[in-house]
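Protein sequence lines correspond, in order, to chains P and G.
Just so we're aligned: 250 in UniProt numbering is position 250 of the first sequence, and the numbers increase by one with no gaps anywhere.
Just so we're aligned: 227 in UniProt numbering is position 227 of the second sequence, and the numbers increase by one with no gaps anywhere.
Rather than coming from a laboratory, the hints here were simulated on the basis of the structure.
Hints are supplied without guarantee of correctness; some may be wrong.
Chain P regions said to be covered by chain G (calculated; three or more residues, Cβ under 8 Å) [as the list claims (entries may be wrong)]:
no.: 1; stretch: 29-41
no.: 2; stretch: 85-97
Reference excerpt, derived from the structure (chain P facing chain G, CB under 7 Å, subset only) [what the hints assert, rightly or not]:
no.: 3; residue: Thr66
no.: 4; residue: Asp163
no.: 5; residue: Ala275
no.: 6; residue: Glu276
Every residue gets a Cβ at the ideal spot worked out from N, C-alpha and C, and that includes glycine.
Here is what each chain is made of, one letter per residue.
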Amino acid sequence: MPKLSYLKALNRALADELERDPAVFVLGEDIRAAASNVTAGLHARFGSDRVLDTPLSEQAFTNFATGAALVGMRPVIEFQIPSLLFLVFEQIANQAHKFSLMTGGQCKVPVTYVVPGSGSRTGWAGQHSDHPYSLFAHVGVKTVVPATPADAYGLLVTAIRDDDPVVFFAPSAALGVRDDLDFAALAPVPLGVGRVARAGDDVTVVALGHLVHDALAVADELAQRMSVEVFDPRTVYPLDVDGLIASVQKTGRLVVIDDSNRTSGFAAEVLAVVAEHCTLTAPPRRVTRPDGAVLPFALALDRAVQPGREQLLTTLLEMS
Amino acid sequence: MSTDLYRTVRLIRRFEERAIEFVRSGEIVGGIHPYVGQEGIAAGVCAALGPDDVITSTHRGHGHVLARGANPARLMAELMGRESGLNKGRGGSMHAADFSLGILGANAIVGAAGSIATGAAWALRQQGKDSVAATFFGDGAMNEGMLLEAFNLAALWQVPVVFVCENNGYATTMPVASAVAGSITGRARAFGIPAFTVDGQDPEKVLEATSTAVARARAGKGPTFLECTTYRFDAHHTFEHRTRLTYRSTEEITTGRSRCPVEIQGARLTAADRAAVDAEVESLLEAAAGIALGSAHPDPAAALSYLYAGEI
Ligand SMILES: Cc1ncc(C[n+]2csc(CCOP(=O)(O)OP(=O)(O)O)c2C)c(N)n1
Ligand SMILES: [Mg+2]
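Construct the complete structure from the given sequences, taking the supplied hints into account.
If you want it as structure tokens, here you go:
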């Protein structure tokens, strides 16, 4: 079977949607030259109006996309750095997200915000390494963090077709993941539906994005000692509460590994939802970035701040 | 046309006066930013637009929305938070929208709507339509980076948009002279956008300038910037009625009010025609107020209706 990388899956999803729907267009910085490779080949194929290279004006072009969406387009914005989402938080959370309710349902804002290379980009330090998906979930913007090439393809297609704003995080550490895939089997993946990435009986590990792969590796490593189930919600908001509960009710124990800062992060929400619905046999645990973390530059410091395999392993062993 | 412009400025003026009364009586909660004194701009700009054009508005937006043809009863109901309001009571004074008339919404974030209008106008052109967007904003918005970014995008891509700056001399209490370095039109010109200063108190002058700008945009020649000079006769916001802010002198207010768009346009009609329009506006607004007051309040169980396009 042919191999598909996560990055190539994003490219393929964009190409397929541009082909399928004339309302779709992509905009962002250096996307004509495809500096991030996500839009490789698209400008030559679809032209300057549908692959719109923008000046460095994130706030205006994010609202520009909202305006285009209000009159029937389906813009997809590629952001060069995850922290640019802070710069346009107003335009997403306060404008795009609020139009539907504030107008009494008169309009839709189907914009997709794609961040290829979210989270730590080894060596890029404090202002290039954020992973603010919890922030968007908190304000109620639909948010996805796919782990695999098939999910990257399927969720990007769904995000583009969705009638609401959707923020799409493609973690830097997942972009190189490659899977053997039958390309014909690539299909939309619904929002708000998680998947059991590995079935197990003793403990549920909830992980998103690149951390799903880390969780799977740790589960393999511990296979002789405990049976770990890895649950990948895929969508941060709306969360697959039913899928989460089903897994935790089976295992009775929960660890969340989450690349957010700890306070009010995604892991905190998962623990709260589980506490409301399940009776656990051990206190739940979180493996996260520390509170208020700024990713330091030096490699050892960067790794010390990011949640990773070792901490997950230790946490699971402590629970057993 | 003279009569139509007069009807519009008179309608806006009397609508605002009634709305202020409803703020005082408590029917409108949260207050409003009165458009009194600036009516000539909305009337002139919207009279230059066609049915397929779109507008965006501001926190001081009732005039724009009325001039674009929104139903006064539904706007008043919106201010009162009623189910029959333009936005079903979900938007209020600062967010009035009527997409069926191309009103893409009033926006409460100063400087935000210019880039939204630019995107909408660009998209409509992509769709093969010859629509133009007119986007209103105040002098205060001239210091918002996002709006300056929008000027650049609009000029680069020759977007059919008319930027309408309503320079009423103040951003809340901040005088323009203390806030804007250089000049307002100079900022637009720096992006290669033709920029003109227009007497915003005269609806016919505004109409004339906007017609030229709209024709230019339709001909594919890109954006135009109009600085419409005006004066806000009333408070920044009705909360100011309960305070004693001293940022404008009594003399200044008197001078400012001496050039009234309703009087300037009214003087172009015969006394009989003017009286007929006034009576027509009064009965329209009397009915509108009645309809608004009689409309149902939304059901609290539906407080989050329309948050998403569908079920999630
Ligand atoms: C980005 C932003 N900053 C501050 C405010 C608070 N605010 C509301 S209206 C206003 C003054 C706006 O002045 P101007 O643009 O000249 O419009 P005017 O009120 O004079 O019509 C301010 C500061 C806001 N709504 N948005
Ligand atoms: Mg002002």
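Are there hints from earlier that the structure breaks, and if so, what are their numbers?
Failing hints, ascending: 1, 5 and 6.
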